[in-house]
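There are 2 protein chains.
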Amino acid sequence: MYKLYDFLPSGNCYKIRLLLSQLEIEYERINVDILENESRSPEFLKINPNGRTPVLYHDGKYLAESNAILWYLSSNTHFVPKDNYEQALVLQWMFFEQFSHEPNIATSRYWISILGEESKYREQLKTKRELGYAALDVMEKHLSSNNFFVGDKYSIADIALYAYTHVAEEGKFDLSRHHKIRNWLNRIEAQENYVNIKQS
Amino acid sequence: MYKLYDFLPSGNCYKIRLLLSQLEIEYERINVDILENESRSPEFLKINPNGRTPVLYHDGKYLAESNAILWYLSSNTHFVPKDNYEQALVLQWMFFEQFSHEPNIATSRYWISILGEESKYREQLKTKRELGYAALDVMEKHLSSNNFFVGDKYSIADIALYAYTHVAEEGKFDLSRHHKIRNWLNRIEAQENYVNIKQS
Numbered sequence: 001m002y003k004l005y006d007f008l009p010s011g012n013c014y015k016i017r018l019l020l021s022q023l024e025i026e027y028e029r030i031n032v033d034i035l036e037n038e039s040r041s042p043e044f045l046k047i048n049p050n051g052r053t054p055v056l057y058h059d060g061k062y063l064a065e066s067n068a069i070l071w072y073l074s075s076n077t078h079f080v081p082k083d084n085y086e087q088a089l090v091l092q093w094m095f096f097e098q099f100s101h102e103p104n105i106a107t108s109r110y111w112i113s114i115l116g117e118e119s120k121y122r123e124q125l126k127t128k129r130e131l132g133y134a135a136l137d138v139m140e141k142h143l144s145s146n147n148f149f150v151g152d153k154y155s156i157a158d159i160a161l162y163a164y165t166h167v168a169e170e171g172k173f174d175l176s177r178h179h180k181i182r183n184w185l186n187r188i189e190a191q192e193n194y195v196n197i198k199q200s
Numbered sequence: 001m002y003k004l005y006d007f008l009p010s011g012n013c014y015k016i017r018l019l020l021s022q023l024e025i026e027y028e029r030i031n032v033d034i035l036e037n038e039s040r041s042p043e044f045l046k047i048n049p050n051g052r053t054p055v056l057y058h059d060g061k062y063l064a065e066s067n068a069i070l071w072y073l074s075s076n077t078h079f080v081p082k083d084n085y086e087q088a089l090v091l092q093w094m095f096f097e098q099f100s101h102e103p104n105i106a107t108s109r110y111w112i113s114i115l116g117e118e119s120k121y122r123e124q125l126k127t128k129r130e131l132g133y134a135a136l137d138v139m140e141k142h143l144s145s146n147n148f149f150v151g152d153k154y155s156i157a158d159i160a161l162y163a164y165t166h167v168a169e170e171g172k173f174d175l176s177r178h179h180k181i182r183n184w185l186n187r188i189e190a191q192e193n194y195v196n197i198k199q200s
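Those protein sequences? They're chains A and B, same order as listed. Going left to right, the first sequence walks through residues 1 to 200 as the numbering used here numbers them. Going left to right, the second sequence walks through residues 1 to 200 as the numbering used here numbers them.
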């Protein structure tokens, strides 16, 4: 029995919904409205003291951090490679996502399209824009000689990077010169049991 | 044959030196002076297009991202638990480290003690301070009922979190009220083959 503590607009939460769909795992979705501070309530902090979504409940236990949840769910499936070095490369790209990509691209989207406060964050957005494009350029370069991020096969590394890249335009990132990224987005959207970010 | 592309003051690089020492693995250390922009040179960008240290070279292959390198090196050792859920918890804490801890605590230390530019970053440091203490508080709470981060055994999750926590004071974080964290730092420093951040 799986439960997902989930905020629908969050790309981090969407990663888990996408993988659960592709693994054909049924789950109960528990809405946590972060705009209403529900991820900072005393009840939620018992589940995740770091006060963030998503959280997965399974088998009496809780797990936080989207990319750790992807890892847990995909263990021994074809969504993660078997080779030790390729597994480490999956993690390499997932740490890249959380350190170099998400704080810039997801945060820009959050400020601009979810909070609607672009002018309030104008100065910080300049830095986010520069660092966000740097991350997109690293991805574009990698995809110029690879169809997917690791081992030329769709994996949780692609899911992790897809989540906020495919909605980067909501943070005013223009992907028109990133042809390889746009082709890769299309390849992901063609995968079996793909669901979009709006589907719960 | 292992090579580590390494910048001595970097906590991310130190994680790898500490684990390599504890695994008793010999390696060649290649100095990359990030203050001289050596991690952005055309040669280095061929090794890691994201332009960051550390990078591990082993068996003809390169691997970036400190926590992915910890994972790779510790595979099938007692530095990582065998149980699938506990492995996911190790990753949970490592993603917490890169997202909620490192960008605040390590960056404050970098601006204040490595660049010596505290006044230039005064405004940003206020936010970093608040978020950094929030991360330390999450750690303190966890350590109030655990000796280590996962499964009550020393693991790469502890190494990842130790690297910047033990030098947090260089970023002007005061750990005097974080008793559990200070005891945990002592437990780590008592581990076999421990090396400090200044030892290369």
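Worth double-checking, as some hints may not be accurate.
Which copy is meant is left open, so a pair is good if it fits within one copy or across any two.
[What the hints assert, rightly or not] Below, computed lysine-lysine pairings styled on BS3-like, alpha-carbon distance capped at 27 angstroms: (1) 82 with 172; (2) 61 with 172; (3) 82 with 61; (4) 46 with 153; (5) 198 with 82; (6) 180 with 120.
It should be emphasised that the hints constitute simulated quantities derived from the structure, not laboratory data.
Hints, one by one, checked against the model:
no.: 1; hint: 82 with 172; result: neither (37 angstroms within a copy, 43 angstroms between copies)
no.: 2; hint: 61 with 172; result: neither (38 angstroms within a copy, 36 angstroms between copies)
no.: 3; hint: 82 with 61; result: both (25 angstroms within a copy, 17 angstroms between copies)
no.: 4; hint: 46 with 153; result: between (38 angstroms within a copy, 23 angstroms between copies)
no.: 5; hint: 198 with 82; result: neither (32 angstroms within a copy, 36 angstroms between copies)
no.: 6; hint: 180 with 120; result: neither (33 angstroms within a copy, 38 angstroms between copies)
In terms of the numbered hints stated before, the structure departs from hints 1, 2, 5, 6, listed from lowest to highest.
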